[in-house]
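A.B. asks: Chains A and B, in that order, give the protein sequences.
To convert a position in the first sequence, counted from 1, into the numbering used here, add 1.
To convert a position in the second sequence, counted from 1, into the numbering used here, add 25.
Possibly wrong hints are sitting among the right ones.
[Said to hold, decoys possible] When the alpha-carbon atoms are kept at most 27 Å apart in a straight line, the in silico DSSO-like pairs for lysine-lysine are as follows: (1) A:Lys68 x B:Lys186; (2) B:Lys250 x A:Lys27; (3) B:Lys431 x B:Lys46; (4) B:Lys195 x A:Lys3; (5) B:Lys46 x A:Lys5; (6) A:Lys3 x B:Lys191; (7) B:Lys431 x A:Lys52.
Simulated from the structure, these hints should not be mistaken for laboratory data.
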Amino acid sequence: MKEKLIEFIRDEFLDEPDTEITENTKLISSGMIDSFSLVSLQAFIQQEFGKRIPAPRITAESFDTVKQMIEVIKQF
Amino acid sequence: MSYSDQTRLSYQRTLQDIEEKGLYKNERIICDRQGAEVKVEFPVGSEQKQLINMCSNNYLGLSSHPDVIKAAHEALDHRGYGLSSVRFICGTQDIHKELEARLSTFLGTEDTILFSSCFDANAAVFETLLDENDIMISDRLVHASIIDGMRLAKAQHDTYKHSDMKHLRKKLEMYQDRPRKIIITDGVFSMDGDIAKLDEIVQLAEEFDAMVFVDDSHATGFMGKNGRGIHELCGVWGKIDVITTTFGKALGGASGGCVSGHKELIDLLRQRGRPYLFSNTLAPTITMATMKVIDILEASTERRDKLESNMIWWRKALSDAGFIIVEGDSPIVPIMFYDAKLAQAFSNDLYQEGVFAVGFFFPVVAQGQARIRTQLSAAHDMEHLERAIAAFVKIGKKYNILGKSKEELLQINQ
């Protein structure tokens, strides 16, 4: 799951594909991803992992790192 | 009433937090009509200053046009001040129907519905026209009102990279089994001033049987040879399914907006669009003044032509002086500073030199993309632009930024 999320984030959001991302990289608070783009992450999670995460659970705070995302996804 | 100390404190803390993050917005008080030059009081209580206005959406200089003002006065005399009603009870006058028909002709669509603002128009469209089986695919830099409108809808939402047609195609492929698909974009993007690739978007829409939605608020009245908007400019006249736009920018600048498109869509918005059903009808003054604006624009392209030549002159003058601007063909011309402190300091100095232009930085724009956004108007004469560029150059020399690259600009505040 971790690798798939990182690969998606790299392809989908980053202009420079060589940027290093780990599970602890701050994505939204650092300005790397804007919070509006989280809807695409929500769509990807549904498509790839078959989990529909309700919008209120996907916030700039709860989805700031890949590690946090995985924690939320596991609850569904 | 119960507004306890604890409640008050919670709001005070939020405001303090906004202030500490440097995001608190202080309004500049205009003590004048909108125009190429305005008297401004800032901060409140300070002496008024005469400034060249380089930050309004008054693209065609019609906000204080005598014929537009006269039309508003006539509306007061003949149709009154207000209707005290929503449209479907007793808020529809002959002039509302007339304006809707005029807009349909002006934009080349089947029908049009008026709203109190384009924000309301965008709030109505997606929730009314789509259901949970449908998909909305939007550009990532669309206006906040579209984002809020999409949030109200039950349809699923996905985004594509800004103006990236390969990425849009990929998303359309992903969702091709959805019953209704809609591609959503601004005509002109307000922060960068760049233009949607509407010809390519329409081509993709036809290939994948998707509708196209365009918010043309920063284009209606002046983009395209006859000022009809980005669909005219991109050669896709009559091929846009839903156009939303505002009367609050080039078309007189008061307020109000509309949705224009296929007649079934407009009719459905009349029946079910919540911001339409539950907010007041457009004031008669705005309705008649907007019709006068359309009269002016249909009679001559003089204003949009002047705006275009001002835009070309201003873009060249800034580039020649050594500023980094976002290239484009719209009258929104952002000057890049990248560093927020530099953009803020520059904007403050401009104010002292008699030029009104505001800095934008994170979170309004992406991190490290701080800029001053300038906007041209047909109200600007060459004398205004020459004075404004002289001020920009003077301050540019002070900070030693002329001819500098992005990397060099980022070093300045290190």
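A.B. asks: Indicate, hint by hint, whether the structure satisfies it.
C.D. replies: Hints, one by one, checked against the model:
1. A:Lys68 x B:Lys186: holds, 24 Å
2. B:Lys250 x A:Lys27: Not satisfied, since the Cα-Cα distance of roughly 46 Å exceeds 27 Å.
3. B:Lys431 x B:Lys46: holds, 25 Å
4. B:Lys195 x A:Lys3: holds, 23 Å
5. B:Lys46 x A:Lys5: violated, 34 Å
6. A:Lys3 x B:Lys191: holds, 26 Å
7. B:Lys431 x A:Lys52: Roughly 42 Å between the alpha carbons, so the hint for B:Lys431 and A:Lys52 is violated.
Going down the numbered hints, you'll see the structure goes against 2, 5, 7, while the others check out.
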